[in-house]
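Trainee: Letter by letter, the chains look like this.
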Amino acid sequence: MSSRDQNFKNFWRDFSVNKIAVFALFIFLSILFVAIFAPLVSPTDPYDLNNVSIMNSRMPPMSEDFAGNLYVLGTDGAGRDMLSAIFYGLRVSLGVGVLSGVFALIIGSIFGISAAFFRGKYETIIMRIVDIQLSFPSILVALIILAAFGKGVEKTIIALILVQWAYYARTARASALVEINKEYIDSARCLAFSNARIMFKHILPNCLAPLIVVGTLQTAHAISLEATLSFLGLGLPITEPSLGLLIGNGFEYMYSGDFWISIFPGIALLITVASINLVGDHLRDMFNPRLQ
Amino acid sequence: MLEYILKRFGQSFLVLFIMSILVFVGVNLVGDPVEMLINPEADQAEVERVIRELGLDKPVSEQYWYFLTNALKGDLGSSFIYNEPALKLILQRMPATLELALFSLFISLIIAIPLGIYAGYKPNSKASKTIMAGSILGFSMPTFWVGIIFIMFFAVYLGWLPSTGRGEIGSFLGIESSLFTLNGLSHVFLPALNLALFKISSVIRLTRAGTREIILQDYITFARAKGLSEKRIVLVHILKNILIPIVTVIGLEFGSLIAFSTVTETVFAWPGMGKLIIDSIYNLDRPVIVAYLMIIVTFFVFLNLAVDILYTFLDPRVRLKGMNQ
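Protein chains in written order, with numbering that gives the first Met the number 0: chain A, 0 to 291; chain B, 0 to 324.
Honestly, the hints are just simulated from the structure, not real lab data. Incorrect hints may have been included.
Unchecked claim - Lysine-lysine pairs mimicking DSS-like chemistry, simulated, CA-CA at most 30 Å apart:
no.: 1; chain 1: A; residue 1: 150; chain 2: B; residue 2: 57
no.: 2; chain 1: A; residue 1: 120; chain 2: B; residue 2: 6
no.: 3; chain 1: A; residue 1: 154; chain 2: B; residue 2: 57
no.: 4; chain 1: A; residue 1: 8; chain 2: B; residue 2: 128
no.: 5; chain 1: A; residue 1: 18; chain 2: B; residue 2: 239
no.: 6; chain 1: B; residue 1: 239; chain 2: B; residue 2: 128
no.: 7; chain 1: A; residue 1: 120; chain 2: A; residue 2: 181
no.: 8; chain 1: A; residue 1: 18; chain 2: B; residue 2: 6
no.: 9; chain 1: B; residue 1: 87; chain 2: B; residue 2: 72
no.: 10; chain 1: B; residue 1: 57; chain 2: B; residue 2: 87
no.: 11; chain 1: A; residue 1: 18; chain 2: B; residue 2: 72
no.: 12; chain 1: A; residue 1: 150; chain 2: B; residue 2: 87
Unchecked claim - Partial selection, computed: residues in chain A whose CB lies under 7 Å from chain B:
no.: 13; residue: 148
no.: 14; residue: 231
no.: 15; residue: 258
Beta carbons: idealized from backbone N, C-alpha and C, even for Gly.
Build out the structure end to end from the sequences listed, making use of the hints.
Mentor: Structural data, given as C-alpha cells:
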C-alpha cells in the first residue's frame, strides 16, 4: 500500500469518528453532484423560453399543469419550475463560491508564505494590510467594492476574493513561520534550491491542513455572502440566477402568501452552507493539536 | 509609546486617504447618473447644463480635489435625488440604525450568554450538543432569508407584529427613539431579532469556550471545596469572570452589527442608513454613496484605532512590540 493510500486511510479513520460530519459530507457531495449535472437531473430547463409559460406562474408545490407536468416545488412568478431553478441556482452559487475561494487561497498563500519567508519590511507591509482589512466586516468590504465599481459576475468574484484573501494570508503566514525553522528547510537551503521551490514545494504542502480548514469555512461564508449581495441587487446580474437572486425574486410575492418561491431556494442555500460548515468545523477539531 | 500612537494615527489617515481615492474614482466610473436624473425628452443643451451644474464635465482628478477640500470642511456634497446635503441625509437616518443595532445587541446577549454558559458548564449533555449544533445552523442561515421567513410567519401568517418600517417615536431623558413606545418596540422586535441571529451564534461559542476554561481554574475548585452551591458558582464566579472578555468583543463587534444592518434594513424597510445606501446605489446617487462609505470607513478606522490604543495600555506585550517596530 502506498503512503498516500495510508494517509488517506488514517485521515478517514479520524474523520469518520464524527457521524454528523460524515453525513454532512455526504449531503455536500450530493449537492455538488446535482450542481454539476444540473442540466441532466433537472425536470425542465427553466431558462429555455419554450418550456416556460406564464400560464403556469405561481403554482403551489405538487401541482400539475394542463400538459400533465408535475411541479414538485411549484413555480415562480414567470412560470418556471422551482426545482429546476434551484438546481441551476446551486450551480451558479457553488461555482462563484468555489472559484472565488480557490483564487483567494492561491493569492493569500502566496502573500502569506512569502511574507514569512522574506520577513522584514515586506512582511510588515503585507501583514499591516491584512490587519487593516480584517478589521472591516466582510459585508462592508464587499459593499464598498460593489458600490464603487458596480455589479456583475467578475466584479462579484473579485469582491469575494478580496474579502477572503486576507484570512488565507494570515493562516499561511502563521503556519509557514513554524515550518521555516524546521530542519528540512535548512537542508533545502543547503542544497541551494531556489526560493520559489522552497516556498511552494517544501513549505506550502506542510501548511495545507490549516489552509484547508480555513478554506472550507471561507467557502461557506463566500456562498452565503454572494447570496446576500445578489439578494440586495448588488451581486450577480439576473442573467446568472444564483440562489440569492431566486430568494429575492420570491420576496415580492411574499405578502400574497406564495411562500414556496423564496422558501425553497433558501432551504437549499441553508443545507449547502450548513453541510460545508459542519465538515469544516470537524476538520478544524481534527487538525487542532490542543484537542488531541 | 507616544511614537507608537502617532504612528497608528498616521496609518489611519493614510487608510482614509487611500479609501477616499478608491471610493471616489470607483463610484465616478460607474454608470451615468445624468441619464437617470433627467427627463428623457430633454434636449442636448439641457443635458449639458445639468452636467455642468453637477460638475461632471471636469476631469475626475479635479472633481476629487474639489470633493476632498470640501470634505475636510465637513461638506460631503449634495444628493442628486433629494437635493439635500448627503451628510444631513445620513445623519437623519443614523438614529434608526443605531437603535436597531443596540436593541439587537441586547437581544443577542440575553439569549446567548445563558445558553453559552450552560453549554460550557455541561459540555457533554444532550442539551449542550443541541445548542452547539444550533449555533452552527445560526452561522449558516442567510440573514436576509431568515428575515423573509420572520415576516411571512409572524407578520403575514400570524399577524402578530408589523413587518415594515419604524414605529412611533417616544422621548425619554431628551433622547428620541422608537424604543420608548410600545408601538415602536413592536416594530423593532422582528428586525432586531433577525440582526441578532448571527451574533447569538458567535456569542454562544465565545461564552462556552470561556466557561470551559474558567471551570478548570483553581478558584472554582476552591469555591466548590468551600461548599458553595452550584447556583452561586455559576451566577457569581463564572458569570463575572466571563463578562470581561465578552464585553470587549461585543464592543468591537458593534461595528459589524451596523454594517450587517444594511441587509436587515432592506428586508424590513427600516428607514436607516443601510437602506439609504442600498437605495442610493440603485439610483446612482453618487454623493450619498461616497459620503456613506467614507463615514462608515472613518467610523471603523477610528474604532480600531481606539481599541489598539486601549490594548497598549492594558497589555504590556503589545506596548513593547509597538516600540520595537
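Trainee: Next step is simple, just say for each hint if it's right about the structure.
Mentor: To see whether the hints hold, each was checked on the structure:
1. 150(A) / 57(B): 25 Å, holds
2. 120(A) / 6(B): 15 Å, holds
3. 154(A) / 57(B): Holds, because 27 Å separates the two Cα atoms, which is no more than 30 Å.
4. 8(A) / 128(B): With a Cα-Cα distance of about 28 Å, the restraint between residue 8(A) and residue 128(B) holds, given a limit of 30 Å.
5. 18(A) / 239(B): Between residue 18(A) and residue 239(B) the Cα gap is close to 36 Å, so the pair fails against 30 Å, i.e. violated.
6. 239(B) / 128(B): Satisfied, since the Cα-Cα distance of roughly 24 Å is no more than 30 Å.
7. 120(A) / 181(A): Given pair residue 120(A), residue 181(A) holds - Cα atoms ~23 Å apart, limit 30 Å.
8. 18(A) / 6(B): 51 Å, violated
9. 87(B) / 72(B): 14 Å, holds
10. 57(B) / 87(B): 26 Å, holds
11. 18(A) / 72(B): Violated, at roughly 61 Å.
12. 150(A) / 87(B): 27 Å, holds
13. 148: 5 Å, holds
14. 231: Since chain B brings a Cβ to about 6 Å from residue 231(A), closer than 7 Å, the hint holds.
15. 258: 6 Å, holds
The structure shown violates the earlier hints numbered 5, 8 and 11.
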